[in-house]
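Read top to bottom, the protein sequences are chains A and B. Per the working numbering, the first sequence starts with residue 1, numbered consecutively. Per the working numbering, the second sequence starts with residue 193, numbered consecutively.
Any given hint might turn out to be false.
What the hints assert, rightly or not - Keeping only pairs whose Cα atoms sit at most 30 Å apart, straight-line, the calculated BS3-like set for lysine-lysine is:
1. B:K273 <-> A:K192
2. A:K94 <-> A:K110
3. A:K5 <-> A:K90
4. B:K269 <-> A:K5
Since the hints were derived computationally from the structure, they do not count as laboratory data.
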Amino acid sequence: MAHAKPLATTRSATGIPTGRLAVWWVLASEVVIFGGLLGSYVMHRIGHPEWAAAAAHTQTWVGALNTFVLLTSSFTAVLGHQAAERGDGKAAAKFLGFTILGALTFLVVKGFEWANEITHGYTITANTFWSFYYTAAGLHALHVIAGAIIMGFVAVDAFRGRELHRVELIGIYWHFVDVVWIFLFPLLYIAK
Amino acid sequence: MSENNTEHHGDGHEGGHHVNYFAIYVALVVLFLISVAGPEVGERTGLRWITLITAFGIAVVKANLVINNFMHLRWEKRLMKWMLATSVILMLLMVAGISPDVLNHEGRNWENVAAMEATARGLGEDDHGEGEEVVVADAGEAEPAGFNAAASFGTICATCHGTGGRGDGPAGAALDPAPADFTEAVFWEDRDRERILTVIRDGGAAVGGSPLMAPWAALYTAEQLEEMADYVMSFRPE
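Please model the entire structure based on the sequences and the hints provided.
Here's what the structure looks like:
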């Protein structure tokens with residue numbers, strides 16, 4: 001890796017750094033994935049008034065706690081970017097570490113939440129509301145897991161002062177994961 | 193809200209953005225607290241639309257803050273915004289395209305028996321002892337998320353027209369011509385409610401306007417279209 005970089009990483013026809021263009025390109029496709037899923041949920045929810053009874057069982061305060069955790073992790077991610085721009089790789093790694101901590105907190109909270117719901121019989125096959133609930137939040141949680149893992153690699157590199165531009169790239173992805181949750185929170189927890 | 197945090201020009205993107213990240217974070221947390229408090233207020237006052245606005249209106253504002261200030265989208269090149277706008281528009285087109293089949297449980301030549309039964313069964317379990325006696329027509333009254341023009345504007349129209357109707361929605365940034373600014377007196381000089389209704393229903397092209405304004409007839413009933421038109425009219429400056 002240190003010897004010769006792929007050509008694509010060293011030139012840019014658009015004037016946008018290739019890495020950043022690629023992350024946004026990924027996000028553009030994510031928009032369709034999550035948008036399609038959430039759009040379907042909204043339409044079904046409107047068409048099925050009986051879902052309100054199922055939705056009433058989601059635990060608002062758990063969703064709220066996780067919303068706060070993700071908002072905060074987004075904040076530390078952007079502070080990491082700021083540190084990387086200053087060339088301070090160690091500080092950037094520290095902030096990414098906080099963000100990973102946020103991701104883990106989010107997953108632990110979600111684990112307890114789901115375990116509680118599943119033991120009460122609200123499983124993915126209980127009815128279509130719960131199918132959407134687990135599919136949407138589950139797909140989102142997979143993104144949290146993937147982001148945390150990649151962030152770990154980026155943080156290790158950043159700590160050694162390498163590839164600092166990647167701190168911004170993983171940050172952009174992370175903020176997107178936050179944005180998805182910003183919409184999931186009212187959809188699954190608030191609008192009952 | 194998101195416009196005045198910084199003085200940054202050009203799209204070179206390098207050299208840092210003078211955004212007060214902490215202020216943005218505080219704003220996000222405050223908005224979050226309001227969205228959590230929304231249902232309480234809605235319940236006490238009996239006004240459901242408050243919940244919908246605090247839930248989805250605030251979600252749009254929060255997403256805007258994150259996208260512009262944390263992801264720095266507003267300093268990206270136009271190309272990037274176009275790319276994302278294309279994706280958002282295609283996604284909305286897909287949703288709008290399948291909406292008549294999902295939102296309705298019957299049409300002129302079809303009926304979704306499974307969905308009708310699920311609704312009758314579900315409502316029957318909750319509100320009535322004997323589910324079989326529940327007819328689907330009752331569903332309208334029991335509908336939890338009743339139609340709300342403001343909320344619908346917030347989730348659908350605001351993508352391009354902005355939550356405040358100023359034409360500053362995230363997906364609208366890259367559109368040419370730019371989405372209409374409903375708060376501008378000039379806009380209303382040659383427009384009346386009839387025309388607004390037509391454009392919402394049949395799209396901008398129907399009146400010789402921008403084809404980028406999509407027709408929404410499939411998404412709303414005639415009554416809902418009227419409500420949407422009323423809501424857009426409410427942006428009109430006196």
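Hints, verified against the model:
1. B:K273 <-> A:K192: violated, 34 Å
2. A:K94 <-> A:K110: holds, 24 Å
3. A:K5 <-> A:K90: Measuring from Cα to Cα gives roughly 24 Å; hence the hint holds.
4. B:K269 <-> A:K5: holds, 25 Å
Violated hints amount to a single one, hint 1; each of the other numbered hints is respected by the structure.
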